[in-house]
Structure formats: C-alpha cells, structure tokens
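**Q** One-letter residues, chain by chain:
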Amino acid sequence: MTVSLSGKEVASKIEEKFSGSVVESSAENLVIKSDRVLDVARFLKETDGLDFDYLNFVTAVDRYDHFEVVYLLSSLEHNHSLMIKARCYDRENPALPSVVDVWQGADFQEREIYDLFGIKFEGHPNMKRIFLWDGFDGHPLRKDYI
Amino acid sequence: MAVRTEPFVLNMGPVHPSTHGVFRMRATLDGEVVVDIEPVFGYLHRGIEKLTEQRTYNGIVPLTDRLDYISSMSNNLAYCLAVEKLAGIKVPERAEYIRVIIAELQRIAALLIAVGAFLNDCGAYFTPFLYMFREREKIVDLFEMVSGQRLTYNYMRVGGVSQDLPEEFMPALRKFMDKMPHYMDEYDQLLMQNEILIARAKGVGILSGEQAINCSASGPVLRASGVNWDIRKADPYSIYDRFDFDIPTQTTGDCYDRYRQRVDEMRQSLRIIQQAMEQLPPGPVRAEVPHLVRPPVGEAYARLEAPKGELGFYLVSDNSIAPDRCHIRPPSLINLTALRDMVRGWKVADLIIIFGSIDITVGEIDR
Amino acid sequence: MEIEPARKYIYSDTELDREEGQVIEDLKAQSQQPIPDPDQWLGEELEQNILLTTVDALINWGRRSSLWTAICFPACCAFEMIAANGPRFDLARFGMEILRASPRQADLMITAGTLTWKMAPNVRRIYNQIAEPKWVIAMGACAISGGIFASAEYAVVPGYNRIIPVDVYIPGCPPRPEALIYGIQMLQKKIARRKNIDVRKLLER
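Residue numbers (our numbering), protein chains in the order written: chain A, 719 to 864; chain B, 30 to 396; chain C, 153 to 357.
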C-alpha cells in the first residue's frame with residue numbers, strides 16, 4: 719500500500735536545509751514558496767530516505783485569487799508519495815521555475831499548463847502552446863475565460 | 030570523394046496511416062536516419078477538462094468514456110474511484126467483483142488492439158489486426174449484454190455500477206474463458222518466434238529503466254524496461270488484494286519486449302477473471318447515494334492501472350453539484366515524453382515501430 | 153539533463169507555428185455559416201421525370217459499387233469504422249475494403265470523429281485533393297453538430313458542414329456498424345440517381 723507521507727515531517731526536513739521555503743504544511747500536502755521550487759525538488763529527489771524519483775503529475779488549479787500548481791511525487795523504492803503545491807498570486811504574468819531538469823516527465827505537462835492557464839515556467843527548453851494553435855487569444859481553463 | 034549531406038525536415042502529418050490517429054511529427058532526417066523529432070498534438074483537443082466544470086458528477090461519466098475510447102470501462106472506473114474517495118462512499122461487494130471482471134475484460138480487449146496495431150506497423154498488413162478483432166468482438170458482445178453499447182459504455186456510476194449482470198452473461202463469459210487460452214496459444218505459435226518480427230523489433234528503441242522512471246512512464250512501457258511497478262500490487266484499489274496474480278517484467282526494454290509484455294499481461298488478466306468469476310457474491314450493485322452527489326470541500330486523487338498505464342483523476346470540489354476542477358493524468362501523453370530519446374539514431378521505418386510500441390490513443394493525449 | 157533542440161538550426165518552429173496559426177484563424181473567420189448540402193439538383197430533376205440512359209445507369213453502377221474511402225479518422229467513430237471493415241460486418245461485400253491513404257486515389261471521405269479548429273485546414277486540404285466526383289459521409293454526432301463537445305466552442309467546430317459539403321449524415325455516438333452500412337447504402341441510392349450525360353445537349357449538337 720502506498721503510504722502518503724505527512725506534510726509536517728517532510729516540512730521539518732526541508733526547513734533544516736532551506737529555511738523559509740515552506741509556507742504551510744498539513745497532513746495531506748505541503749505548500750512551498752514559488753521561487754524555491756527547484757531547490758526543494760532537487761533536495762527531495764537526492765536525499766536518502768526520501769528518494770522521490772517519480773513524478774506522477776503536474777497540474778494547476780485556478781482558485782479565483784491565485785493559481786495553485788500541484789505536484790504529486792512518489793518513490794518506487796520505498797513506496798511512499800507526497801503532494802506539493804506552489805502558489806502564484808500574479809494574475810497577469812504568473813511564472814514559476816520549471817522542474818524539467820529534475821524529472822523529465824514534466825516536459826509536456828508544463829507546456830499544457832502554460833497553454834490552458836498562462837503560467838510560464840522559466841527554464842523550460844520549449845515553452846510554447848501545445849494543444850491550441852499559435853495566435854489563440856486567451857487561456858481557456860481560467861475561471862474568467864468566456 | 031566525400032559526399033556532403035544536409036539534414037531535412039519531413040512532416041509526418043496528422044492524416045497518416047500509421048500514426049494511430051491525428052498525431053503529427055516533424056522529423057529531422059539525415060538521409061534515412063532520424064536526428065530529431067518534434068511531436069505536435071492538439072488536433073483532437075475537445076476541452077474535456079473545461080466541460081467537466083459544467084456537468085454534475087454522474088453526468089461526467091459519459092465524457093470520460095471518450096478519453097481513451099478503446100478502453101472506456103477503465104476510464105469510467107478511474108473517475109468513479111476518485112469521486113468515491115472524495116465523498117467517502119463505500120461500494121457494495123457484488124459491485125466490486127463486477128467491476129474487477131469488467132476491468133480485466135477491458136484490459137484484454139484494449140491490449141488486443143495494441144498488439145494488433147503494433148503488428149500492423151511492423152508490416153503484417155491487417156491480418157493479425159483482424160484476427161485480434163475477432164476476439165475483441167466476443168468481448169464487445171459481452172459488454173453489449175451488460176450496458177447496451179459497443180464502444181462508449183457509460184456503465185459505472187458513483188457508488189457502483191448502473192445495472193446488474195443479465196442472466197445470459199455468466200454462461201457466455203464461461204464459454205469465452207474456455208476458448209480464449211487456445212486463441213492465445215495460436216497467436217504465440219504464429220508470432221512469438223517469427224523471424225521477421227524478431228529482426229524488426231529486437232534491439233530497436235531501447236528504453237532503460239532509469240530513463241523510464243525519469244520520464245514518468247507507466248504501464249507496459251515501464252514494466253518492459255525491467256521496473257517491477259504495477260498499481261494493482263503496489264497500491265491496490267478496489268479488491269485487487271484478494272486475487273492471486275503475477276506481474277511479468279522483461280529485461281531489455283526494446284520493442285519486442287513491449288510486445289511480449291502485453292501478451293503476458295493478457296494471460297494474467299485471464300487468471301484474475303477466473304478467480305473473480307468463482308467468488309462472485311449476490312447482493313445490491315449500487316450504494317445508496319443520491320444521484321446528485323455533493324461531496325464535501327476538499328480534493329482527492331485516485332489512480333488505476335489502465336491498459337496504457339497509470340490513469341488518474343485529480344478532483345477538487347467546493348461542495349456543489351459540479352466539480353471545481355477535474356484533472357486527468359493521461360498515460361499516453363506522459364509515456365510519449367520518452368519518445369524523443371528512444372528514436373534518435375534509428376531509421377524512419379524504425380520510428381514507426383517504436384512509436385507503435387508505445388501505444389497511444391490521441392483522445393487521451395489531447396483530451 | 154540537457155534537452156537540446158536540434159531543429160533550431162534547420163527550421164524555425166516558431167515561424168512555422170505562427171503561419172499555421174494564421175491559416176487556422178483565417179479559416180475560422182470564413183466558416184461562420186454552414187455550407188449547403190449538395191443535393192439541390194436531385195429535387196428539381198425528379199420532378200421533371202428524368203430519363204436515365206443505360207450508359208448513365210452503367211456509370212452509376214460502377215461508381216457506387218466500388219467506393220474507395222480516404223482516411224480521415226480523428227476519434228472514437230474510427231473504431232466502429234474499422235469494426236465495419238472487420239470480419240463480422242464486412243464492408244468488402246460492398247466493394248469498399250480499400251482504405252486508401254492517398255486522397256488522390258479515393259472518392260469517398262467518411263469523417264469519423266470530432267473536428268477541431270486546429271485540424272480543420274488539414275481536412276479541407278484532403279477534401280480538395282480528392283478528384284471529382286466525390287462524396288462525404290458525416291458519421292456520428294460530433295460530425296453532424298459537434299455532439300457532446302459542442303459547448304467547448306473555443307476548440308470544436310460545430311459540424312463538418314462548416315468546412316466541407318456533406319452528402320449523408322449518420323447519427324449515433326458512435327453509430328453501430330450496421331448504421332454505417334445503412335448510411336452507405338443511402339449514399340449508393342443517391343449516386344444511382346445522378347445524371348452524368350445530358351442527352352438533350354448531345355442531341356442538340
């Protein structure tokens with residue numbers, strides 16, 4: 719049975735290494751500051767005992783006043799999982815660092831989030847629209863799209 | 030005298046006989062050797078994730094049918110598992126057993142098409158494909174008895190299944206289970222040691238285990254590269270922990286191993302169906318939930334081992350009759366992340382085979 | 153891990169994308185009304201009690217008994233089309249087992265699947281490449297009016313008749329292979345009434 723790790727324990731480990739990067743933590747998930755995502759991702763992949771080498775999915779949710787990008791990580795060896803979130807408060811030009819260098823599986827999913835929500839991922843080698851055509855006006859999955 | 034060559038770009042366009050649907054690749058070739066490819070999709074983007082925000086929870090089930098239209102029952106089941114996890118609904122025993130039988134039958138039907146299409150790409154033009162269709166028609170007949178439809182079943186509901194199995198289902202299922210192993214032996218005899226298949230597919234398009242994990246591959250693609258990870262054993266959903274089955278894995282991760290992996294998985298599915306048939310209890314098939322389900326505020330992610338890989342639904346609810354956000358984790362799109370590295374250095378004909386062995390459905394990529 | 157895009161030194165993918173996007177926007181702007189179905193000629197001539205010559209009957213029999221399909225299989229209806237070609241519902245008995253990849257060698261286009269604006273210029277181009285006489289069957293609810301996805305107007309074309317003229321509409325989601333065969337037989341009856349040689353004009357010369 720895949721154990722989903724408690725956000726609070728992992729938060730304490732992250733706080734030791736990168737202080738000030740955890741915004742809030744609960745039993746189900748962990749919220750990280752948006753500019754520290756890449757450092758925390760590398761730390762989670764390389765630390766023994768955590769070893770999160772498999773990225774299940776990356777997606778975004780529009781929470782009316784901010785965007786929330788959700789990552790679900792798992793470790794195939796220890797059979798545990800963790801959900802991480804990062805928030806973007808800017809509605810005009812939201813941006814986050816890209817985790818493609820850590821887990822290559824995030825490649826197409828981050829392009830999809832840019833296409834449908836408008837959140838740019840810095841450091842992505844190929845940041846352009848994937849489902850809709852170039853020149854399409856707007857980002858359909860936002861709550862204020864008509 | 031040295032010949033100077035220049036690479037050129039070949040567009041394998043959206044309308045192409047071997048690309049399994051509307052999928053486009055811009056391939057940069059140096060002679061016949063592939064230097065780089067750039068996949069372009071979105072030709073079937075129907076906005077399913079946006080449409081889910083306008084429909085009720087039970088009304089989204091027909092939309093999920095059209096995602097991976099070859100294995101509709103698995104999509105329905107994954108969605109219903111997510112809603113049941115979010116709302117805390119317990120499913121009755123008989124419904125669980127029916128779900129397992131139907132899901133494994135669907136796995137066999139989808140893997141038959143996957144194997145048939147792969148052999149079609151290898152050059153056996155349509156003969157094995159139509160043979161596999163003969164078996165798929167028998168399974169589709171069973172599904173038609175149960176749900177009334179041939180392709181997009183709309184059978185699972187939140188809290189169970191929509192109606193009970195009719196009387197003629199179990200005798201027909203027994204007849205199918207008696208004959209299916211003979212058909213599988215027939216295929217093995219014709220194809221497993223076939224010289225042309227081995228020459229074309231062995232050693233082609235190798236994906237190593239670490240590469241597969243880094244690219245978040247799942248399903249037969251991951252297991253053929255040697256990684257022993259199956260959600261039915263690692264994170265059992267429904268009642269899969271009561272059945273006795275093995276997880277086959279292969280060693281190299283080339284196209285022949287992926288083909289072999291799918292055939293082995295079909296045999297394991299037959300074992301599961303046999304055990305589930307014997308243990309099927311009587312009882313209600315649907316939990317007592319209102320039709321307009323209203324889950325509490327929160328979010329949930331439920332996943333299942335679909336024939337293509339890990340299919341998951343991430344639902345966010347705000348206590349109304351429609352979900353706030355429904356994200357679908359598509360196994361085909363994520364398995365494609367590894368395509369670029371697998372293909373470089375091979376020829377155009379190998380590109381088609383490697384692409385066919387990943388086995389995608391465009392309805393799931395584009396949603 | 154470095155992912156270097158080799159394509160940037162051979163072609164510019166941003167320019168290609170921009171041109172294609174412009175084509176799609178232009179097509180969307182000019183397809184706001186549906187194209188009328190090509191059967192106006194049938195209504196008038198039946199009333200005038202046409203006299204079909206035996207040469208006409210022979211040509212029509214040849215054309216309708218061996219229709220060759222061009223491939224245009226976006227989505228789920230494609231599997232019912234393939235099942236119709238399969239061993240149980242055999243389309244080969246109507247002379248239609250050939251699914252030609254090249255539209256130059258086809259004369260029928262069965263549109264099996266949802267049409268999106270991104271795909272629309274390609275479908276129009278395939279239709280233009282088919283030689284006359286050509287027919288189109290719109291298969292399934294998505295092909296008739298956008299179907300279950302019609303509310304996602306930003307991406308889905310509400311029916312193929314915005315882009316190409318359609319002869320026969322087959323409802324269903326997906327239509328059973330028997331329904332597809334019935335639609336093909338309706339098309340064959342339509343072809344049988346087509347007038348190829350105008351006898352009066354020949355006699356006037």
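It is possible that some hints are incorrect.
Part of the chain A face toward chain B, derived, beta carbon under 10 Å [stated by the list, open to error]:
#1 M719
#2 N747
#3 V749
#4 F761
#5 H784
#6 R805
#7 P858
#8 D862
Because the hints were derived from the structure by calculation, they are not lab data.
Yeah, the Cβ is synthetic: ideal placement off N, Cα and C, and Gly gets one too.
**Q** It remains to establish, for every hint, whether it holds in the given structure.
**A** These are the hints, each one checked on the structure:
1. M719: 6 Å, holds
2. N747: 9 Å, holds
3. V749: Cβ of V749(A) sits 13 Å from chain B, so the hint is violated.
4. F761: 17 Å, violated
5. H784: At about 14 Å, which exceeds the 10 Å cut-off, the nearest Cβ of chain B leaves the hint on H784(A) violated.
6. R805: Violated, because the Cβ-Cβ distance from R805(A) to chain B comes to roughly 14 Å (cut-off 10 Å).
7. P858: At about 6 Å, which falls below the 10 Å cut-off, the nearest Cβ of chain B leaves the hint on P858(A) intact, so it holds.
8. D862: Not OK, violated: D862(A) not within 10 Å of chain B, min 13 Å.
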